[in-house]
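Asker: The primary structure of each chain is shown beneath.
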Amino acid sequence: MEDKRRSLRLGLAVLGVVTLGVGAWMGLFWAPPDREMGDVYRIIYVHVPAMWMSLIACLVNFIASVGYLFKASWKTDSLAESTAEVGLLFGVFGLVLGMLWGKPTWGVYWDWDPRLTSMAVMLVAYMGYLALRRFIEDPEKRAVWSAVLGIIAFMDIPIVWYSVRWWRSLHQVQSTPQTVHPDMTLALRVNAFAFLFLFLAFVWSRYRIAQANRLEELALPDSLPDAAADGGLTRTT
Amino acid sequence: MLSTAWILLNKDLLLEWRTRARLNALVFFALATLLLFSFALGPDSTLLARHAGGYLWLALLFASVLSLGESFRVEQENQCLDGLRLVPTDARALFLSKAVGNTLLLLFLALVLLPVMIALYGVTLSLSPLSLLGVLALGCMAISAPGTVYSAIANHARARDVLLPLLLFPLIVPALLAAVKATTLVLQGDPMGQLTSWVGLLSAFNLIYWGLGLALFPRVVED
Numbered sequence: 001m002e003d004k005r006r007s008l009r010l011g012l013a014v015l016g017v018v019t020l021g022v023g024a025w026m027g028l029f030w031a032p033p034d035r036e037m038g039d040v041y042r043i044i045y046v047h048v049p050a051m052w053m054s055l056i057a058c059l060v061n062f063i064a065s066v067g068y069l070f071k072a073s074w075k076t077d078s079l080a081e082s083t084a085e086v087g088l089l090f091g092v093f094g095l096v097l098g099m100l101w102g103k104p105t106w107g108v109y110w111d112w113d114p115r116l117t118s119m120a121v122m123l124v125a126y127m128g129y130l131a132l133r134r135f136i137e138d139p140e141k142r143a144v145w146s147a148v149l150g151i152i153a154f155m156d157i158p159i160v161w162y163s164v165r166w167w168r169s170l171h172q173v174q175s176t177p178q179t180v181h182p183d184m185t186l187a188l189r190v191n192a193f194a195f196l197f198l199f200l201a202f203v204w205s206r207y208r209i210a211q212a213n214r215l216e217e218l219a220l221p222d223s224l225p226d227a228a229a230d231g232g233l234t235r236t237t
Numbered sequence: 238m239l240s241t242a243w244i245l246l247n248k249d250l251l252l253e254w255r256t257r258a259r260l261n262a263l264v265f266f267a268l269a270t271l272l273l274f275s276f277a278l279g280p281d282s283t284l285l286a287r288h289a290g291g292y293l294w295l296a297l298l299f300a301s302v303l304s305l306g307e308s309f310r311v312e313q314e315n316q317c318l319d320g321l322r323l324v325p326t327d328a329r330a331l332f333l334s335k336a337v338g339n340t341l342l343l344l345f346l347a348l349v350l351l352p353v354m355i356a357l358y359g360v361t362l363s364l365s366p367l368s369l370l371g372v373l374a375l376g377c378m379a380i381s382a383p384g385t386v387y388s389a390i391a392n393h394a395r396a397r398d399v400l401l402p403l404l405l406f407p408l409i410v411p412a413l414l415a416a417v418k419a420t421t422l423v424l425q426g427d428p429m430g431q432l433t434s435w436v437g438l439l440s441a442f443n444l445i446y447w448g449l450g451l452a453l454f455p456r457v458v459e460d
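So the protein lines, in turn, are chains S and F. Under our numbering, the first residue of the first sequence is numbered 1, with each subsequent residue one higher. Under our numbering, the first residue of the second sequence is numbered 238, with each subsequent residue one higher.
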């Protein structure tokens, strides 16, 4: 069973890398250049999928957090931990790519545009989430509190978005499949699937690490000879 | 639940009153922050007057981190929080009392800072003082509700003094934005009629986070 999962995980990663290679070729050479931006626009083939994955990660993190509060389980806790970390990775990646694109297009790396700003605020909020997880030793308390934090942070995203949109706006309206060349849509979809495969592989691996950590933390008091020193009070399981 | 919250609130306010040194320190900290903003920007009085609302809220936000952190630290002496949890009552009452207490403390601070800000930055009030009071109250509520939940969490973590602002600041961004905009509009006049939408945003933020706080806080303090 474990062997099967291992090969499935490896297969997912390999599939992701291969699709990413095909997607990179399609995005760089096969898809036509943009009428106004020329070749600069080609960064969307990595920037947009990265942002999508980051948003999916936040959504899964929120669902796992709510799930944990309804029914405590190490599985949802580990899922929340892994999605927050992988989501932060993809989000920072996407944000840096967006800034690289902004310089030739808008003339500046950073602008206080709603999408950019809400994304940055969201990433800082999830950094805080991960920091909190590091700072609490008791695994059960950590699970409950980070679930509470995950829910509160997720609810903030739409409010931040609306508030900054009223404040000011520059980001171009996102294109739809109807407004762009069909080859561009296909290239973007291939890249999005590549990112999805890689995302799943990352989250799965991180989830396994998180589960192993939980096991180790929970097993610690019984296996250590000096566990009785604090009367076994600090850990309850 | 409400009567329990009332009793707890009275206890907190009494405690605050009897240890006035802490309250004084908080007031002077906030005043010093206001003063520092004017040094950081140089003696350009038009600039200071234009951004007065922003400085007022930043001073309040920095002071709030200190007061929020204190609000659960006082419960740790003699395991007060454990004692409160042993009483057969709703944990939501504890949230209500703490959040209302923090709001009142911040509002008091805002009212102390207001005349100083008006004198220091040369601000004039365009709209009625009552609307300013309303905006200040809504803003203090918006900081207090998520701040109370986060301070209860951060209180038990390592590095709690770093953790609370790290968690609170990104969350509070929309509330800060709305409060600053609304305050500036009240101070400088509102020809475009934008005040209602910012106050609406602030109210929505309050509604969501006071609701979330009431729903989630019992899980935060449970054992």
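Keep in mind that the hints were calculated from the coordinates and are not lab data. You may find that some hints are simply not true.
[Said to hold, decoys possible] Sample of chain F residues lacking proximity to chain S, with all beta carbon distances greater than 12 Å (derived):
hint : residue
1    : Trp254
2    : Leu271
3    : Asp281
4    : Leu357
5    : Gly371
6    : Gln431
[What the hints assert, rightly or not] Incomplete in silico selection of chain F near chain S, CB under 8 Å:
hint : residue
7    : Leu295
8    : Arg322
9    : Pro383
10   : Ala394
11   : Arg395
12   : Val458
Treat the numbers as computed from the prediction; the structure is a model and nothing was measured. Ideal Cβ placement from N, Cα and C applies to all residues, glycine included.
Asker: All hints are to be evaluated individually against the structure, with a verdict given for each.
Answerer: Hint check:
Under the 12 Å C-beta cut-off, the non-interface status given to Trp254 (chain F) relative to chain S holds; the minimum distance is some 31 Å. The claim that Leu271 (chain F) lies off the interface holds: its Cβ sits roughly 24 Å from the closest Cβ of chain S, which is beyond the 12 Å cut-off. The claim that Asp281 (chain F) is not at the interface with chain S holds, since no C-beta of that chain comes within 12 Å of its own (minimum 22 Å). The claim that Leu357 (chain F) lies off the interface holds: its Cβ sits roughly 26 Å from the closest Cβ of chain S, which is beyond the 12 Å cut-off.
The claim that Gly371 (chain F) lies off the interface holds: its Cβ sits roughly 19 Å from the closest Cβ of chain S, which is beyond the 12 Å cut-off. At the 12 Å boundary, the C-beta of Gln431 (chain F) falls inside the reach of chain S, the nearest C-beta of that chain being 9 Å off. Residue-level restraint check for Leu295 (chain F) is violated (minimum Cβ-Cβ distance to chain S is 16 Å; threshold 8 Å). Because the smallest distance between the Cβ of Arg322 (chain F) and any Cβ of chain S comes to about 14 Å, over 8 Å, the interface hint for this residue is violated.
For the restraint placing Pro383 (chain F) at the interface with chain S, the shortest Cβ-Cβ distance is roughly 6 Å, inside the 8 Å limit, so the hint holds. Checking Ala394 (chain F) against chain S: minimum C-beta separation of about 4 Å stays under 8 Å; hint holds. This hint holds: Arg395 (chain F) has a C-beta 5 Å from the nearest C-beta of chain S, less than the 8 Å allowed. The beta carbon of Val458 (chain F) comes no nearer than 10 Å to any beta carbon in chain S, farther than 8 Å, and the hint placing it at the interface is violated.
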